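Residue numbers (the numbering used here), protein chains in the order written: chain P, 18 to 199; chain D, 5 to 184.
Since the hints were derived computationally from the structure, they do not count as laboratory data.
These numbers come from a predicted model, not from an experiment.
Misleading hints may appear alongside valid ones.
[Said to hold, decoys possible] FRET-style restraints, in silico, Cβ to Cβ: (1) P/111 / D/168: 24 to 30 Å; (2) D/146 / P/145: 39 to 45 Å; (3) D/142 / P/103: 33 to 39 Å; (4) P/100 / D/108: 19 to 25 Å; (5) D/142 / P/115: 36 to 42 Å.
[What the hints assert, rightly or not] Derived, one-sided and incomplete: chain P residues facing chain D with beta-carbon distance under 7 Å: (6) 32; (7) 35; (8) 86; (9) 109.
Beta carbons: idealized from backbone N, C-alpha and C, even for Gly.
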Amino acid sequence: MMTSLSTQYWHFILSQSIVASIGSSAAFQCSLVATSTWFYRRRAAALGIMVSGSSLGGVLLPIMMSRMIDPEINNVGFPWTMRAVGFLFLGLLTVTCLTVKARIPPQPRPFKLREYYDNAKDPNLALLIAACFLFYWGMFLPFTYVMLQAQEQGMDPTLTTYLLSIMNAVRWVTFQILPALI
Amino acid sequence: MSESSQSTIAEKNAVTTTGSIKAVSLSRPPSRTDDSPRTSTTQPPQDGLSIQHQDRNAASADLEKYGIEVAAASAGVGVGGDADKSGTGPAPGGVDPSDFPDGGLRAWLVVLGGWCSLFCTFGLVNCVGVFQEYYLRGPLSSYTPSEVSWITSMQVWTMTFGGAVVCQSTKNFCHFATFT
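Chain D extracted, bound-state conformation (with noise of 0.2 Å):
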């Protein structure tokens, strides 16, 4: 079970490997069957203080969690990725706080087209007092303030709200790598 899903994986990275579009290789820890023991959830280290330790341990804890219940649930649901087939909780390369850049460039790059995002995204709903006073001067001007601000209350909720369903959706349906 686990050596198919494993060439699954393998053909998807080879599938999604193109000229400009990186793959993403996604690293095993061994399984829970193996004698080796689990690097992330070994006995924590002598002086006890290493919070990238006990991080590590709540990071690992929190997959095997959902490792186990995905494993519970396929059996009966059956729908899924492959990730989910081999049911010990396989971990994603680089969720180990280790892993984490923390800064250089690409990392801040992220963190400018993010800024960008958010300037247009929650700067237009910054400005629902335009929105209002121009709707209740002009096109609107025979509705109740309290009507009017429907539009933008629903659009400030529609976009919190509506993170549920994208996020999900994003997380099951785009596998392909984004530009670079």
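Excised from the complex, chain P in its bound form (with noise of 0.2 Å):
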């Protein structure tokens, strides 16, 4: 909602890197804590179903945004583009709030930091983090400029607003559907 009033480069740091970006963290990672405390056996399937929906809001959030933003399609402007993406996410986002539900009730336990960087010590685990570090390093390099690179070289415009989606349907199906049932 603040991203919808915002108009200078600080504006959007603090409202859409900061503020939106802590609350999406709190509601992703108790949605992941939580469906891992039903699963064991079918943990990949259930978390792969689950991480498919980021990819399936990457098909139809570009598709929505762009289209409402366009002053050729629908005038609607980044504002109220902003405010009805909002409301679509207060829509799901209580449905979240209604199902999700830890089973093994959380255990309080004192803070120490000594427990986040203990266990990197395990090679397995040191070479995991280095591998999904450079993992996401390199995987939003695309995400982010692929439409301007598009456009660019010469793509046609219609099409260039597409790409994101074609680009995160087929993740779908690939990296996310598939690994998890198989």
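Can you join these two chains into the complex? Each is in its own frame, and there are hints to help.
Shown next as structure tokens:
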């Protein structure tokens, strides 16, 4: 909602990069942890189906947002686009609030920073952390710049708006649904 | 010591039991001072091929490890929940691999709720290209693409790094149950 009111660079930084992402972090981390408490054998399938929501969001939201912002199609404008997206999220996250519950209640423990890096001495975990670090380092580069690059290379402007959706649709099938089921 | 912490747990369960909120009872396995063997750490079955039993050992080994660590630390620190005071690694109920439902309506409803939450959170993250293009065309056209990409990349970073903070605070402060 605050992003819809933003006009300056620091407005966007505060509203989108810090405030919105802290809330998003709370929502998705708790969902991940809660799902893990309900599944053991089929945890991969459950988590894969759950994470497929992000790819489907990546398919639908770019189309929705680009068509709403574009003055030639629906001149809704960026502020009301963000508010519409916010209301959509309100409905979806209401479902989340009503359904997500951890089967095993949280066990309060004193906060010790040592717990976060102590286990990293295990070589398997250290390699996994390094692999994930490098993976995410490279993953969002194409998502960020593919539309700009396509426009610079002369791609049809109406097709560039669907580029992100195509990428996310392929990602949904090949990297989230199929591995989870296999 | 263990009796007082057990009664504290019982009080907590009594306090949290209301009409619509279910209280979760924590089943405590026998402490290490008992002569009765802990079923989760007895010798493996003779066939030796049971993955479940290996997982059970791994799960209980993890809990015992944190139980030992917490017991050593709580003597000096003295901060934490009731589960830390017993010092013999009280296992929360339902951690054994055979306790996980692995299906059922309730479990799949949790998956549905998580699907919705990931649609909203990482779905918006997957739209960084749309944000980037709009910002460069519109309100932030005087900035370079590299500067504008700070907005969305910081969004992704805060979402993932914030998990460490959020999970810890959820563990320590969210004692109340959810709606169903």
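Each hint tested on the structure:
| no. | hint | result |
| --- | --- | --- |
| 1 | P/111 / D/168: 24 to 30 Å | holds, 27 Å |
| 2 | D/146 / P/145: 39 to 45 Å | holds, 42 Å |
| 3 | D/142 / P/103: 33 to 39 Å | violated, 19 Å |
| 4 | P/100 / D/108: 19 to 25 Å | violated, 38 Å |
| 5 | D/142 / P/115: 36 to 42 Å | holds, 37 Å |
| 6 | 32 | violated, 9 Å |
| 7 | 35 | holds, 6 Å |
| 8 | 86 | holds, 6 Å |
| 9 | 109 | holds, 4 Å |
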